[in-house]
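Visitor: Spelled out, the chains give:
Protein chains: 2
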Amino acid sequence: MSAAAAELRGTGDLGVVIERAAGRVQVVDTTARTVLGTVEGLGDLSHASVVYSRDGRYAYVFGRDGGLTKVDLLERRIARRVIQAGNSIGGAVSQDGRVIAAQNYTPGGVKLFDAVTLELLADIPAAPGPDGKPSKVVGLADAPGRRFVASLFDAGEIWVIDARDPRSPKVERFRDIGKQPYDGLVTPDGRWYLAGLFGEDGLALLDLWHPERGVKRILPNYGKGEEKLPVYKMPHLRGWAVAGGYAWLPAIGRHEVLVVDTRDWREVARVPVAGQPVFVIARPDARQVWVNFAFPDNGRVQVIDAETRAVAATLEPGRAVLHMEFTPRGEEVWISSRDDNRVVVVDTQTLKTVATLASDSPSGIFFTSRAARTGF
Amino acid sequence: MSAAAAELRGTGDLGVVIERAAGRVQVVDTTARTVLGTVEGLGDLSHASVVYSRDGRYAYVFGRDGGLTKVDLLERRIARRVIQAGNSIGGAVSQDGRVIAAQNYTPGGVKLFDAVTLELLADIPAAPGPDGKPSKVVGLADAPGRRFVASLFDAGEIWVIDARDPRSPKVERFRDIGKQPYDGLVTPDGRWYLAGLFGEDGLALLDLWHPERGVKRILPNYGKGEEKLPVYKMPHLRGWAVAGGYAWLPAIGRHEVLVVDTRDWREVARVPVAGQPVFVIARPDARQVWVNFAFPDNGRVQVIDAETRAVAATLEPGRAVLHMEFTPRGEEVWISSRDDNRVVVVDTQTLKTVATLASDSPSGIFFTSRAARTGF
Chain A
165 MSAAAAELRG TGDLGVVIER AAGRVQVVDT TARTVLGTVE GLGDLSHASV
215 VYSRDGRYAY VFGRDGGLTK VDLLERRIAR RVIQAGNSIG GAVSQDGRVI
265 AAQNYTPGGV KLFDAVTLEL LADIPAAPGP DGKPSKVVGL ADAPGRRFVA
315 SLFDAGEIWV IDARDPRSPK VERFRDIGKQ PYDGLVTPDG RWYLAGLFGE
365 DGLALLDLWH PERGVKRILP NYGKGEEKLP VYKMPHLRGW AVAGGYAWLP
415 AIGRHEVLVV DTRDWREVAR VPVAGQPVFV IARPDARQVW VNFAFPDNGR
465 VQVIDAETRA VAATLEPGRA VLHMEFTPRG EEVWISSRDD NRVVVVDTQT
515 LKTVATLASD SPSGIFFTSR AARTGF
Chain B
165 MSAAAAELRG TGDLGVVIER AAGRVQVVDT TARTVLGTVE GLGDLSHASV
215 VYSRDGRYAY VFGRDGGLTK VDLLERRIAR RVIQAGNSIG GAVSQDGRVI
265 AAQNYTPGGV KLFDAVTLEL LADIPAAPGP DGKPSKVVGL ADAPGRRFVA
315 SLFDAGEIWV IDARDPRSPK VERFRDIGKQ PYDGLVTPDG RWYLAGLFGE
365 DGLALLDLWH PERGVKRILP NYGKGEEKLP VYKMPHLRGW AVAGGYAWLP
415 AIGRHEVLVV DTRDWREVAR VPVAGQPVFV IARPDARQVW VNFAFPDNGR
465 VQVIDAETRA VAATLEPGRA VLHMEFTPRG EEVWISSRDD NRVVVVDTQT
515 LKTVATLASD SPSGIFFTSR AARTGF
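One line per chain: the protein sequences are A and B, in this order. Residue 540 is where the first sequence ends in this note's numbering, and the numbering goes up by one at each step. Residue 540 is where the second sequence ends in this note's numbering, and the numbering goes up by one at each step.
There could be a bad hint or two in this list.
Stated by the list, open to error - DSS-like cross-link-like pairs, simulated, lysine-lysine; straight-line CA separation at most 25 Å:
#	chain 1	residue 1	chain 2	residue 2
1	B	Lys516	A	Lys334
2	A	Lys343	A	Lys297
3	B	Lys334	A	Lys516
4	A	Lys334	A	Lys297
5	A	Lys334	A	Lys380
6	B	Lys380	B	Lys343
It is worth saying that the hints were derived from the structure and are not from the lab.
Using the sequences and the accompanying hints, generate a full structural model.
Guide: Structure follows, in structure tokens:
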């Protein structure tokens, strides 16, 4: 720990940038637009994701190799680290910040950890898939009522996990929800859980206010479709924007963003865009929706005007744009360009670049403001 | 500064409770549900309000006596303090956290300050009212685009202040918006500004996406009405809940909460409640709306089910309930009971009290999660 790192400071304007190839994170300050330091030794960070402690001091980094690392942003060091599975793809933090949940591929299941100590509180094995092995778990998200929701890829189920007593969680199972759910999200208001289906078209929708009504299928034309378009990269559902009463969804295989009315979950518009969308993210005030793309269009970012539902601007912030993260109130957006080894900070009103930070193959960017939001 | 106060820690779970009679704030921790310490010497804190620095370390406390105090939550001391007016009623912080705006009664106007130093950047005198004196300024709120919006009580105007260059702000004036606007709010998505009118019924509405369309009048029956009901306390508009596409408004003088569809700003329902509502606040996930009341019903708090639009529970957390503040993701709510000298923490799912903190005539409660939100 350096002297500078021990400086007393607030944590509301901090964040991390994943340097995926180096197994390292940069700790960043969004007020000064600087890198404060780095923390190494986090293992395989391809497809890494991050959630935050309630106080914003600690980042919980989920690595692909099953590593769960608690990083102290103030002291810039690893506070705790456990290898909790053989192959993992992310996790969530409970509404009250007390429980960390990890979703695992190998062996498939969900594990609950104490957020302070990383002590294992519960190990929930997944239902088996057609091959008899525990199903891969995907789409894990937090929901109000200290619940988690997740999807079982092989078993075709959605699970609602009540973690009020995290040592003996209660699991409510929804079966036959569709073939191969591959990702899921909880809407920012905490009411809806949606799972994308890899094995068929449509989406699975669960009303968390009314789990007794069961899982419904919506948007029957959403998916790869009968034409079996080449899909370069399945879009991230977690990036889906839900804003102003509408959900903005990346089409699969098509150069389109779909607009869906969340009052009845029907499609109301399609916005033509520059490539196959990967992340579709609303600016916090919902005035703009930002989109990045799969190869070969991954050097561009487009800004959709949420009112006119048309592309208002096309930016070229760098090669291989992997992620975008808005500052807490949305005046700027941080964009990672993996192949140009940089993070670009753009003013969302003028669309001008206001800062550029050197970064080693950056991928995900995660700010501490996520700690106060549902479904991240 | 005590040794404990210098402890390195995150600021995402901190907040302040106003001890109005003592001119003091308590610094609180919502994870441990404790008072970490107090900071004194803040002057007249009746009707005080608070905004936060971008990093969550500093609370800017606006006192009734025109004092603007920057309180360091980590060191538990006053970092800066200026007396910026003779009589003041609150303020706001810009989208990027760099500018603090204060709205003043005497002399009427808006002042902009550097958030770090509290240096005066601009002094915007208000337009005169019928008596020729600068109008009192009310309803000041931040909006996207580094703007502030405010209402002029005596002049009957709404001002949109572009503070991108805070040393020479640009003011756009909307005249004849209605008689005596007494408070205002910006919706959480940053799109709409609403001003309540004291001098007539109805509300003034400005679409900040389209200021060129001008101010419209909505809800013509909202107000004191022709019967001239006795109004024990004008409700706080800033507490208004906008959630799930609906706005929940305290009726004036009536024992009702109004539900308004924000897509067309028409009233869709009225919910009977136990008294004249003062604060009407949605839980962050919008599943519940909590209401407190004016004298003589100020010992009760009611919980409205947002779906059925009916009162689901009535609580009696103490005498003279003045304010309620939800934890960032809404699992608990902190309620101030002035006359019982305590703050009660309630689990919003079970509605059970989970902690009680001693406090000297507590009024407003403000958590640092406000720093990341628009319109606070």
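Visitor: Against each hint, give a clear statement of whether it holds in the structure.
Guide: Structure-based check of each hint:
no.	hint	verdict
1	B:Lys516 with A:Lys334	holds, 21 Å
2	A:Lys343 with A:Lys297	holds, 16 Å
3	B:Lys334 with A:Lys516	holds, 21 Å
4	A:Lys334 with A:Lys297	holds, 22 Å
5	A:Lys334 with A:Lys380	holds, 22 Å
6	B:Lys380 with B:Lys343	holds, 13 Å
Checked against the numbered hints above, the structure violates none of them.
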